Structure formats: structure tokens, C-alpha cells
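Asks: Please arrange chain V on chain C, whose structure you already have, making use of the hints.
First to last, the sequence lines map onto chains C and V. By this note's numbering, the letter at position 263 of the first sequence is numbered 263, and the numbering carries on one by one without gaps. By this note's numbering, the letter at position 239 of the second sequence is numbered 239, and the numbering carries on one by one without gaps.
I should point out that these hints are in silico values taken from the structure, not numbers from a laboratory. Mixed in with the good hints, there may be bad ones.
What the hints assert, rightly or not - With a cut-off of at most 30 Å between alpha-carbon atoms, the simulated BS3-like pairs for lysine-lysine come out as follows:
| # | chain 1 | residue 1 | chain 2 | residue 2 |
| --- | --- | --- | --- | --- |
| 1 | V | Lys263 | V | Lys325 |
| 2 | V | Lys378 | C | Lys325 |
| 3 | V | Lys353 | C | Lys403 |
For clarity, every value in this text was computed on a predicted model and none was experimentally measured.
Given next are the chains, with one letter for each unit.
2 protein chains.
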Amino acid sequence: MGNRRLIYLPLGGAREVGMNAYVYGYGEPDNERLILVDLGVAFPNMETTPGIELIFPDMTWLEKRAERLEAIFITHGHEDHVGGIPHYYGDLSAPIFARPFTSRIISRKLSEYGHSIENVQTVLPWPKQIEAGPFKVSFLPVSHSIPESSSLVINTPVGRIIHTGDLKIDLNPVVGDIFDNANWRRVASKGVHALVCDSTNVFSNRFGRSESELISEIESLISRSNNLFVATTFASNIARIKTLACAGKRVGRSICLLGRAMKQMIETAIDTDVLRDFPEVIRPEDAHNIPRENLMLLVTGSQGERRAASAQLARGKYMGFELKKGDVFLFSSKTIPGNERGVLRVINQLSEKGVDVIDDSSGLYHVSGHANRSDLEKLHKLVDPKIVIPMHGEHRHLQEHVKLCEQNGIQSLLAVDGTMVDISKNKPFIADHIEAGRDYLDGRVIIGALDGVVRGRIRMALNGLVAIGIVQVKKPQISFRCDVTLIGLCEFGKENSLKDILCEEIIASLMSAKHHVLNKHESIKDLVRHVVRKTVSFELGKSPEITVIVNSVC
Amino acid sequence: MGNRRLIYLPLGGAREVGMNAYVYGYGEPDNERLILVDLGVAFPNMETTPGIELIFPDMTWLEKRAERLEAIFITHGHEDHVGGIPHYYGDLSAPIFARPFTSRIISRKLSEYGHSIENVQTVLPWPKQIEAGPFKVSFLPVSHSIPESSSLVINTPVGRIIHTGDLKIDLNPVVGDIFDNANWRRVASKGVHALVCDSTNVFSNRFGRSESELISEIESLISRSNNLFVATTFASNIARIKTLACAGKRVGRSICLLGRAMKQMIETAIDTDVLRDFPEVIRPEDAHNIPRENLMLLVTGSQGERRAASAQLARGKYMGFELKKGDVFLFSSKTIPGNERGVLRVINQLSEKGVDVIDDSSGLYHVSGHANRSDLEKLHKLVDPKIVIPMHGEHRHLQEHVKLCEQNGIQSLLAVDGTMVDISKNKPFIADHIEAGRDYLDGRVIIGALDGVVRGRIRMALNGLVAIGIVQVKKPQISFRCDVTLIGLCEFGKENSLKDILCEEIIASLMSAKHHVLNKHESIKDLVRHVVRKTVSFELGKSPEITVIVNSVC
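Isolated chain C (complex conformation):
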């Protein structure tokens, strides 16, 4: 093999739950042939990324090496694994491999953005192999919270890598693939060099539970209601939607889906034949004729998203439906950390309508799609790799996963985004650190996280803004006009209108300023900024953002 090496380089997903993008390479240093596993997004929040649509891993490193990229493999159809594809389509022109359901999701996304879908290739599962330069890759079906999730079996000249993707060990999932122990044993039997492994639930000490355990409890819950029953979960959790719908049907309710994402996902799942025997659903316009106690709504918005069906039902009417006292609303979902405030807003609004809200706290109506701690240990044992590299987690998850490995005597390494790990030998080591930041989709433009755009927004949000227009009239003698606009600031100072005070102070300062100050627009601006800062601080106790425009006329 000469001086060839096998490298692993997470660009996203190994410091956050989201924006997954993992590079593997094999070849001479700085000339490896590359594959990319997943290309997902993360979601913004008001605190750190106001006004942003989506967050991407910074793909610059890979874009610069695009000619060495053999293929992109997508493990499953969740946004944090596929969402980035249409946005980096032109820059990474490699073929994209995915199983049928995932492939359909990707193609729909590409089409929505006006891209061709010719690069998308639909593949059969393991033992079918795809050749990609020095790599041979198979999609090994696993159970997760979306159909056709797969681990990747990546055969390399150094040995076999298993990249788990997102998975749980479910021997009886409602929809999609089971975790097939026999297949995994077969894959592991010839020896596995490295297991690159999901870390999401490493802190969950509970025993992992099967999706199939939910239906009887949910059925019993619905049967206890004599009013409208509404349930929400992730739109992509086809198994859960089926569980909910079947439970509703069993107790004699008509099922109606609300929310574009959910309808689209169900259609895709039926079209690609991963969803069978889904109960008949009725259209919203027909649902209005059904007595409330015979109706069940399945709706989007389990994370409190403001525009989703749940939030709209909580605020008022949605598609003609209005919730009333005694109706039941089930969150068949877990609140993702950081979304608590939005979810609680929806719950309290529903509570104000007299709706009975039931959440995940009992543990009866939701199971996770990720392997819990004990299942991770099982997986380590089953695969028995030389190396485990934790991925898919915040730093705390990765560190805990490394600790778990060390406790069990397994070689492991903590590698966050941007850490290039040489895994050619039995002991992995860090070969390089590359810049691995984040990009933002803002409107339709991609900007860098450090461009200052978001920083400017956050500063305006915290401090408010004063915009001042100054016109310096030079003849017959020097005079000034001043216009002040306030946004996000109290209009009144201690006694008078803040605008009036500011104009007065600014003009007084300008009139008494020295000649050389007034000769340059920059020094006029500095003077105005100084006056505004001082005045607003005195009047309101705030330090606003300030923008000054100066014009001189004769």
C-alpha cells in the first residue's frame, strides 16, 4: 500500500446533533480518493441564528477537492442527513446513492430547487455493493424512525468500516427494516476495522423499546376520549403515523392528515412501497362532516414550529378545524433540546382552549429512534471492531461514548468536526485539523457563519437602532439638518421625545464643532455617533446600534 492512508473526516454532525456530513478517503496523503456520507442541515434558532433558514456544514474543504470525490452515500431521509443536497448540488457533482424511499425524497428536493435528478441513483440493500474508487459500499438495513434507514458497510483496502448512520435495535418495528442480528453477524464475521457510531442516546440508561410496543397504549388512550383526538409526531416517522392511524381506526375513528410535510411523506412511503396497509384517510373538507368523537387528526408540528399545523391549531383555526374544551392532543414525540420553549407555548395555548394535552412524560406514547446506552454496548460487542469512533452527537455525547468504549476496553477516539483522523492502523490518530465552520442559508443566499451578518442582527435585537441623516448646507453659511429614526427603542426619554432631544443635541454639537471636524464626513459621523451614544445612554440607559448618513450641499 506504500504510504497510502485511510482517513475519516467529519465536516458536520460531530459537535452537534444535525448537519451530518462525513468524509472517508483512501490514497496517498492529500491525494486520497474520497466519498461523502450524508449531507444534512441543522436548524436555526432566535438566540444564535435569527432570520436564518438553514444551517449547513462548511463544505469548502470538499468543494476544493470535488474532482477526488467518487460518490455521495445517503443513509436515510431525515433533514439532518439530506437537507443540504440541493444547496451544494452544483459544487459536488458526484453520483448520489440512496435506497428508494430516501432517493425519492432527495429527488423531490432537487426538483424543487430546479436541479436535475440524473445524479441520484437508487440502490439495493446489502449484500449489493457499489464501487466508488477504492471503496465498496453496501447499505445494511437498520431500524430507525424513518423507513429504509441504513448503516453503510464500507470495504476499504485497509479493512471494513461500518458507518452506523442513525439506528436503533428494534426487532419488531411497525414499518421498515428490523435490526437483523444475523445479517450484522455475517457482516462482522470477517472482522471490522472501524465502527463509526451514532452517539445520540448514549446518556439514556433506559432499555431501548420497540416501536410495536406503543399501539395498545395509544389505542387505549384514544378509546378513553369522547371528543376530537389529535396527535402529532415527526412527519417522517412513518411507523409512528401508521401506529397512530391504526390505533385510531381500531377504535372506530376516521383519520385525517393535516400538514403538507406529513401528507407528502405518507405519499412517498406508499409510492415506494415501504408503507403498506395504511388505513384509509379522509380529506380535511370531508372530515368536517364527521362527529368529533369519531375523528382523529394527525398533524405536523411536534417541535412547536410556528407555521406547522399544531401551532396553528393552538393559536386558532386551521383548515376549518378548531379545538375545544375536552379535546385531546397527544405529543407522540420527544421535544428536541432547545425546542422546549416553542413546544410549551403550544401546550399552554392548547391548555387555554381547555384541551387535554398529553406528552411523552409517561413514556407510554413515544419511543426513541436511536440506540440507548445498553444497545450501543450490544452493538460494540456484536461488531467487535478494532476502533470505535463516536459520531452524531454534541461534544458531551461523543465524550461519553468514548468513555463507554474505554470502560469496555475498546480503542476509541474523540474526533469533532474538522478533525482528520488517520485510521489506517489499529490505533487511530489525528492527522490534521481543517477549518470546519458553518454556513447559513439566509433568504436564498449562502453566507458564512462568521461574515458578521448575524452578529449585526443580534446587536440590533439587543440594542435597538438609531438611524440619523445629516445634511450639511454650506452656503450662505454652514447649517445642518438632522433626521432621526428609532427602531426598537423607546420613543420617549426622561421628559421629551427622544427624537427631538437627539436632533437638538446633534445640531448643537455640530454647530459648535471645530472647522476641521466638519471638513470630513467621517469625523462628522464620529461626532454624531458620540452624541447619540451619550444621549441615549443618559435618557434610556441603552447603547444602541447607530447608523449615520451625511451629505453636504452648497
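Replies: Just chain V, lined up with the frame of chain C:
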């Protein structure tokens, strides 16, 4: 009693956990003599209240009736019960009654804001009574997470009210008062008309646990560490700080407090004699000479607050201390809903330093200060009131508490902020709804929540801002100058600088505009706004906030 009535009116705290302020009144309708219980704040967040310092209940209703206000009673020293006092000091000039520790906290706050403390009156606990118009009020000691918490026993011409304040049933607290069953039985023995009751933990099905159960687990945790041990909790949780300090002492560590709030609270507790036998602490400057394995830091910032000691230690150095691989950081606290993101930021930063972070998930290192569901039921039984009115909770808590009462056959009523309840009879009813919004402290100014200030900030944060200065020069012929400033927007459009494109488009539109448009500044502004909106939408896909300043010169 003629047509006199007894009313209960929450102004804050009965739709949120925070900004507690409850009015009781007795007398002829619209002429009742009033008392206020608590005057607290709520805390802002970036999502709904960016740049705001504090949130207050709207006190307008009470300010207008200030001459009927007999007294203010403060149940305990938490910010959500005392934080509003200095800000409404002048407008509500009634005497403020509190027990010594709370009274000291209030006086310190008033002094910080330059107010006199002459209205603050320190009182003895039950059975001592304070007369306030038609009311006779006693402070009945209870256990909670700050010393000297009290329920109020309010004797009225109609009967006895117990206003619980915040409480838990702890028969063995480490510091401060126990929940004294015998005293409560005595208070309840003559019959209680209404129990106005804490709802915070109504969803907690676990059995409430005593503060004293923690020390052995914490001691054992510290003894397993051979490195620096850091623990955080609420600065006001004197009992927990004592537990932590004693546990550290027992295993031979020197104790050092970091964070102004914590030092202040401990001093206040020692001065007012509620804290005794607190271990000797060392100064930060002396702590540097102690070997790490013999040192324990107690620090502020359990909620991930950016400026607190925890967050600063997580980011880098704080007062010369720097955490290292193998150090242990204990969150002896619960994350308040909504603070998850900030707390996780701190945890991940600590994790990146290699620090072992231990949180509340095991249940071994924290107990709540509020009565759990089963304890609430105990309390209902013990007091056996005619009416229970839930308070101190979001809508979902209040509703659940009402349900709990109904299940147990207890008369109850859901009254959110602004609901005036007539509790003169055995069946409460809603007598009126008053406007009960929120006020914000912004800088040093109090503004209304609906004033539009915060809305303007949020819009700038989401959309970015374009500020345009136009100068219309009328002679010798009409021409225009245009200056553009962008804040929080990408500087580049599809091909060129966005500023350049905007200036070009604006001037072109103005030059081709009809005469009557150019005659008025307002119509020029409208035209400019239209052009900016269209151009930025085309170039970036954003709808920015726009401010235009127009000047004409001859």
C-alpha cells in the same frame, strides 16, 4: 357585611412561572381595601424579549388604586417574588412586610436603586399578626429552596385564606424552616375558606424528597474525584450551598465561593442568622495555592447565564481559575424550561475541556423546592379548605391543578392573570377581567410589552435592515444623491455589491418618477421602499426592514 366582597386578583404568576403579584381585596365593590402579595419579575429571552433586562407584571390597575393599598407582603426572597419592588417603589407607597432574611434582600435592592428603606418592615412569624385594613396577616414558615419562605395566613371578614407562596413539604431541611404539620393543623383547625396554592410541580409524580437526603450522595461523588471539583446551584439556595460545602469539607476540601450573587446571599444568610455552622471558606486569591484535589469551587450560573461564573469557567478563565481534563463539574440544580440551550452550551464547552459534567438526570444531586403532586394532595387534605385556587404556574399547571382538585371533590377555579375572582361565598366566581399585561425594563426605562419596541427589534433580527439617505437637489435641475447602509444583510447580491445595485435602482426610479411623486417626501419614501423591497427580494430573497430619510435642498 352588606354588599361587601372578598376578591382575589392575580396580576402576575398565574399564567407563567415568574413575576408573581397577587392582590386580595375586601370591601364594597370597586372600593375594596387591598393588599398585595409579592412583586416579582420574570426573565427575558432572545426569542420573545431580546435586549430586555426584566419583565414585570403590568401594575397599572393597582397603581391607580394605590390609595386603597394597605400593605405589601413578601413571602420569600426569590427574584420572581421580590424583583419588582425597587421598580414600583414610588408608585406603591404601602409598607412592605417580610421576615428578616427576605427583608434584608429587599432593603439591599431598594438601596441599590437609591430608594429609602423606611417602608420595609421586618416581622416575626406566625402566630404574630399584622393588621392591614380588613386583613390580619401572619407569616407561616414553610420549607422551600430559600430560607424563611412563608405561607401567608390571611384572616378576612369572610374567613381564613392561606396563600401558600412557594413551598415543599420537607420535614428535614438543611437550612431554614421545616414544614411543621402541627402548626398547619392548628392554622387549619378553625376552618380555611380558601387555599391559594403553588402549582409548579403538579406534573411531578415522584415522591417529594428532603434536602437532607442529598449530602451523602454528594459527599460520595466528591470523594471519587482526584481533581478540582466545581458545583453550581442557585445563589439563593442557601441550604444546597451548605450541603455542597459541608460535603466538600467532610472529604477534606477547602471551599471557595465564586460569583457575586452567591457571596452576597451567603453573607445575608449569615448576617440574619438563618445560616449557621457554614464551613469556613477561602478567598479566590488564596485558593490558587491549594492543590486542585483539595479544592472545591461553589459557583453561580446553574441556568447557563452567559455572564455568570459557570459560563465564564466554561469559556475560559475566571478569576484565575481554569478547568482541566479530569475536573468534575456538578449541576446541583434543575434546568428551568427554556434555559436548556444555554445550559447545554456550558456543558458542551466544559466537555471540550475534558471536564466530567454531572447533571440532575440521576436524581441524586438535586431535589426540587416545590411540592410534588402527591404533596399537593396532602396539603389539600391537611388544610381542607372550601376552595382551592391554583397559582404559580403556566396555564397547563393551573389547569392540571384544577383537575386534581376536581378529581378529589374539591371546589376549584382556574384564574389567570387579570381574572378578578369573587371568593366571598363558598363557590368562587369570576367578577371581572382586568387588563393584565407585562411591562419590560429596557435599559433603565419601563416600557409596555405592546409598545412595539421589542417587535421592531425582532423584525430587525429576522430581516436585517437597509437604511437609505436621499438628498434631492432641486437646482439647477433635479438630481439625487443616495446613501445606503446595510446591517444584518449579506453585502453581495447575485453579481455585484448590494449597496451599488440599490443606489443605482433607487436613483433610476427617482429620475423616472412623475413630478407629483417627487413633490412630497412621503411619496419619495414610498417609492424608495418599494424599490428596496423588490431589489433585496430579487437579489437575496429577504424582506428587510427599511428606513428612509429624505432631504431636499435647492
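Asks: State for each hint whether it applies.
Replies: We went through each hint and held it up to the structure:
As the CA atoms of Lys263 of chain V and Lys325 of chain V are separated by approximately 27 Å, the hinted pair is consistent with the 30 Å bound. Our distance criterion of 30 Å between C-alpha atoms is met by Lys378 of chain V and Lys325 of chain C, whose separation comes to about 28 Å. At roughly 15 Å between alpha-carbon atoms, Lys353 of chain V and Lys403 of chain C fall within 30 Å of each other, so this suggested pair holds.
Going down the numbered hints, you'll see the structure goes against none, and every one checks out.
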